[in-house]
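Work out the full structure, taking the sequences as your base and the hints as a guide.
From first to last, the protein sequence lines are chains A and B.
The numbering used here puts the first residue of the first sequence at 1, with every later residue one more than the last.
The numbering used here puts the first residue of the second sequence at 1, with every later residue one more than the last.
Hints may be right or wrong, so weigh each one.
Computed cross-link-like contacts, DSBU-like style, restricted to lysine-lysine with a CA-CA straight-line distance of at most 30 Å [said to hold, decoys possible]:
{"no.": "1", "chain 1": "B", "residue 1": "Lys362", "chain 2": "A", "residue 2": "Lys131"}
{"no.": "2", "chain 1": "B", "residue 1": "Lys225", "chain 2": "B", "residue 2": "Lys415"}
{"no.": "3", "chain 1": "B", "residue 1": "Lys272", "chain 2": "B", "residue 2": "Lys225"}
{"no.": "4", "chain 1": "A", "residue 1": "Lys67", "chain 2": "B", "residue 2": "Lys94"}
{"no.": "5", "chain 1": "A", "residue 1": "Lys68", "chain 2": "B", "residue 2": "Lys415"}
{"no.": "6", "chain 1": "B", "residue 1": "Lys82", "chain 2": "A", "residue 2": "Lys131"}
{"no.": "7", "chain 1": "A", "residue 1": "Lys131", "chain 2": "B", "residue 2": "Lys358"}
{"no.": "8", "chain 1": "B", "residue 1": "Lys133", "chain 2": "B", "residue 2": "Lys159"}
{"no.": "9", "chain 1": "B", "residue 1": "Lys94", "chain 2": "A", "residue 2": "Lys131"}
{"no.": "10", "chain 1": "A", "residue 1": "Lys101", "chain 2": "A", "residue 2": "Lys172"}
{"no.": "11", "chain 1": "B", "residue 1": "Lys185", "chain 2": "A", "residue 2": "Lys53"}
{"no.": "12", "chain 1": "B", "residue 1": "Lys94", "chain 2": "A", "residue 2": "Lys68"}
{"no.": "13", "chain 1": "B", "residue 1": "Lys82", "chain 2": "A", "residue 2": "Lys221"}
{"no.": "14", "chain 1": "A", "residue 1": "Lys131", "chain 2": "A", "residue 2": "Lys67"}
{"no.": "15", "chain 1": "B", "residue 1": "Lys415", "chain 2": "A", "residue 2": "Lys67"}
{"no.": "16", "chain 1": "B", "residue 1": "Lys94", "chain 2": "A", "residue 2": "Lys221"}
{"no.": "17", "chain 1": "A", "residue 1": "Lys131", "chain 2": "B", "residue 2": "Lys415"}
Just so you know, the hints here were simulated from the structure itself, not pulled from any lab data.
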Amino acid sequence: MKATIGENIFQFILIIVISLLCIVMIYPFIHIVSISFSSPSEALRLGFHLYPKEIDMTAWNLVLSQKKIWIGFGNSVFRTVVGTFLTLFIMSLCAYPLSRKYLPHRTFYTMIILFTMFFGGGIIPTYLLIKELDLMNSLWVYIVPGLIPTFSMLVLRNFFMSIPTEIEECSKIDGANDIRILFQIILPLSKPVLATLALWTAVGHWNSWFDAVLYISDQSKQVLQFFLREIVVTNTDAETLGRSVVGNLKYESAIKAATVTFAILPILVVYPFLQKYFVKGTMIGSLKG
Amino acid sequence: MKKGFKFTLVLSLVLSMVIAGCSSNSGNTPPASTSKTNSTNNQATTENEEPIEITMIGSTWEVPEEDGTFVQQYLEEKFNVKFVNYRANDENFKVQIASGEIPDIFPHNIGEADMVNWARQGVIASISVEEIKQYMPNYVADVESIDPNAWDIGIVDGKNYGIPRVWLNGSTGFIPTYNGEWLDKAGIGAPTTLEEFEQMLVKFRNDDPDGNGQQDTYGMTGRGKDARAQLFNTVYAAYGVNPYHFKEAADGTIIWGGITDEAKEATKLINKWYREGLIDPEFMTDDNGLIGQKFNSKKVGFIETNMYHHLYGQQQTFAENEITPVYGKGLLGPAGKPLQMSNGALQVPLLLGSQVEKDDAKRIKILQILNELATNDEIYLTTVFGQEGETYEIQDGVPVLLEPYASDGDLRLGKGIGGYYNPFIERAVSTWKFHMPQDRLDFKEQLTADSEVIADVLGPTVLDSKAKYFANLNALQDEYFTKAIISNDEVDSILDDFKAQWLKAGGQDVLDEATKVYQERQAARQ
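Here is the structure:
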């Protein structure tokens, strides 16, 4: 069908609006990346920064030569990779039984788990719990307390429920036990939702810093976001307090920009590849009950 | 059924966010009554006399990662004590306190509101003034030489809760700093009166001082986003007031700067300049970083948010941006003399954990150690700078860190030097000399000699009504003052409205209490 003039105009306006939106969203990234490559005076310049007028790699050299940054990077990668894998594994083990209608007291169990979404202990009781569990200053404190994100688990459960039980019965006839059905039938069928949940979990792990601040005082176990915060936020009054983390006030803004860029880079690289699942998975997971 | 479940899911998501929001604010719950010292350090030094164990955290940064650093060993040997290193940062310190882990010596950067809460909750020790005077004679003499009323700050419900502290830089004023090139181009010197200042603003705005052919420069901007006491502080000081400070009124009562007629008059002048387009309209959202950027990239020709020690640190930046800073004094205005705003020297005292209150031997030992840390040259140098010859050397009377310690913070932490074992770093008169090389001393002299400052008459004094109302009152004031400054010549009505609102919203209680406290102190001094 041929589009009418009205429709064409509408499309045109849509494209313009969306392009503007894209620019608004992309510009901050360009700005920060550009500043990270700028010389001190260029970085201090007001106005738009689309590309550095003179390229100065000092800030990047300073940031990448920091031992802390690499320690943080290593710990962040550890918690993201191990944390995401374990979360998906344990979450599947939890969601699968809850998705089967023949599980006795299924609603009761679901409600108990759902309850934790409504009520948490608050910072101090949680802190005391972590201390009693002897998780203070341990890398596992990043992974264990939030091992099963309730909301994600329910999304996964709902997805499993949408898989016809006939498939399961069929496999049972062929001699598969429950564990085999989960790992060889159900999980492969759930790839889109698993990818989505993996992305949620991974981004959550990568971005989180508050648990690191609360529970970790050993610098060799800190995550990248903690050092990022130290450099970008806490360090703002460095001159007064004499505690410049990077020790180079001249390049302060470029260093901050370089650190920020370095910290978002991994997510930026991974995101486009998972994005298609992200949209698909969200739609599928949320609508089945 | 299906719909119902979907609804539950959405609802639960929303609720979980609300609850997460609430629970992250719950940091003020009262602490558990039992206090436990964490005993991570098991390398007990065996002495003939059992050493006293002191849980130490002098600062929440520069925290040594290892136990038994050079400074720790040095102090342990010197005083026959054993330090347990308490590790925390600014974010988790309060949580650790609330969970019942209370150090013996608190970090030096505690806010007054926390001090009051902790005093009432039994977290911190009350220490009698006589005892401090008895065991810390040198330090007390130091403090009282700066401000004999330094004790006022630590009094909660009639009891003293800490060791008074002063910050020597704090007694100097904020320095009005001008772009020298722009002044030359305009053919004027650093303004000394409000009228000259106004002429300067006009020239900086209209005469294209950066020579790029566009009218894109402003005389000044202001710190409107944070630290509002610094917003146009030079102009307010010329009227003898700061809208965010307490002030003594003519009748001996305490008045809040923001509701005085002086503040109104000053705001009228600023409003006039704003309407004439002389002030950067972005002042509302500018913080110190942005103001510095604007000054350095030559968008504004005047900056007022630095004290001398900030400016001392920025010499290189100015040079790189080809700016010759010209430092002025306060402006002569209705106050009748040139005044500069100052933060004041008084700070929240150094606090000790409540367990120290019951343990006489420990408390006395701590006081003695603190006295030495602040005033004994050798001990001060060792705790702050390390070993002479290895980590620092004395050049022209001041210690200078040697490489690689000067540039590598991690190495310094490995030695334990800095503020962690010495909460009086840069805070005591006797040892202040080690931070003042001759050029810095000269610079300070050049910038601050013969200047008069105005400061908050109460300083960080604890008032119950302040804790109750102040956050709201300040928000109210931020809003009204911004509105008045950008209004169309309606400063009078807006600020009258503000005064009424402010007094009604708890301001009157604050003033009554402030006056009472102030007059009690005045009476006690006679």
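Structure-based check of all given hints:
1. The suggested pairing of Lys362 of chain B with Lys131 of chain A holds, with an alpha-carbon distance near 27 Å, which does not exceed 30 Å.
2. With a CA separation close to 39 Å, the supplied pair Lys225 of chain B and Lys415 of chain B exceeds the 30 Å bound.
3. Of the supplied pair hints, the one linking Lys272 of chain B and Lys225 of chain B holds, its CA atoms being roughly 21 Å apart against a limit of 30 Å.
4. The straight-line distance between the Cα atoms of Lys67 of chain A and Lys94 of chain B is roughly 29 Å, inside the 30 Å bound, and the hint therefore holds.
5. A threshold of 30 Å between alpha carbons decides the hint, and for Lys68 of chain A with Lys415 of chain B the separation of about 18 Å falls inside it, so the pair holds.
6. This hinted pair checks out: Lys82 of chain B and Lys131 of chain A have alpha carbons roughly 24 Å apart, not beyond 30 Å.
7. Distance hint between Lys131 of chain A and Lys358 of chain B is fulfilled; the C-alpha atoms sit about 27 Å from each other, no more than 30 Å.
8. As the CA atoms of Lys133 of chain B and Lys159 of chain B are separated by approximately 15 Å, the hinted pair is consistent with the 30 Å bound.
9. Using a Cα cut-off of 30 Å, the hinted pair Lys94 of chain B and Lys131 of chain A holds, with the two alpha carbons roughly 15 Å apart.
10. Between the alpha carbons of Lys101 of chain A and Lys172 of chain A the distance comes to roughly 16 Å, so the proposed pair stays at or under 30 Å and holds.
11. Distance restraint check for Lys185 of chain B and Lys53 of chain A: the Cα-Cα separation of roughly 28 Å lies within the 30 Å cut-off, and the hinted pair is therefore satisfied.
12. Restraint check for Lys94 of chain B and Lys68 of chain A: the C-alpha separation of about 25 Å stays at or below 30 Å, so the hint holds.
13. With a CA separation close to 27 Å, the supplied pair Lys82 of chain B and Lys221 of chain A stays within the 30 Å bound.
14. A distance of roughly 28 Å separates the Cα atoms of Lys131 of chain A and Lys67 of chain A; the hinted pair therefore holds under the 30 Å criterion.
15. For a cut-off of 30 Å, the pair hint linking Lys415 of chain B to Lys67 of chain A stands: about 18 Å separates their Cα positions.
16. Taken as a hint, the Lys94 of chain B and Lys221 of chain A pair is honoured in the structure, with Cα atoms around 21 Å apart against an allowance of 30 Å.
17. Pair hint Lys131 of chain A plus Lys415 of chain B holds up; C-alpha atoms about 28 Å apart against a cutoff of 30 Å.
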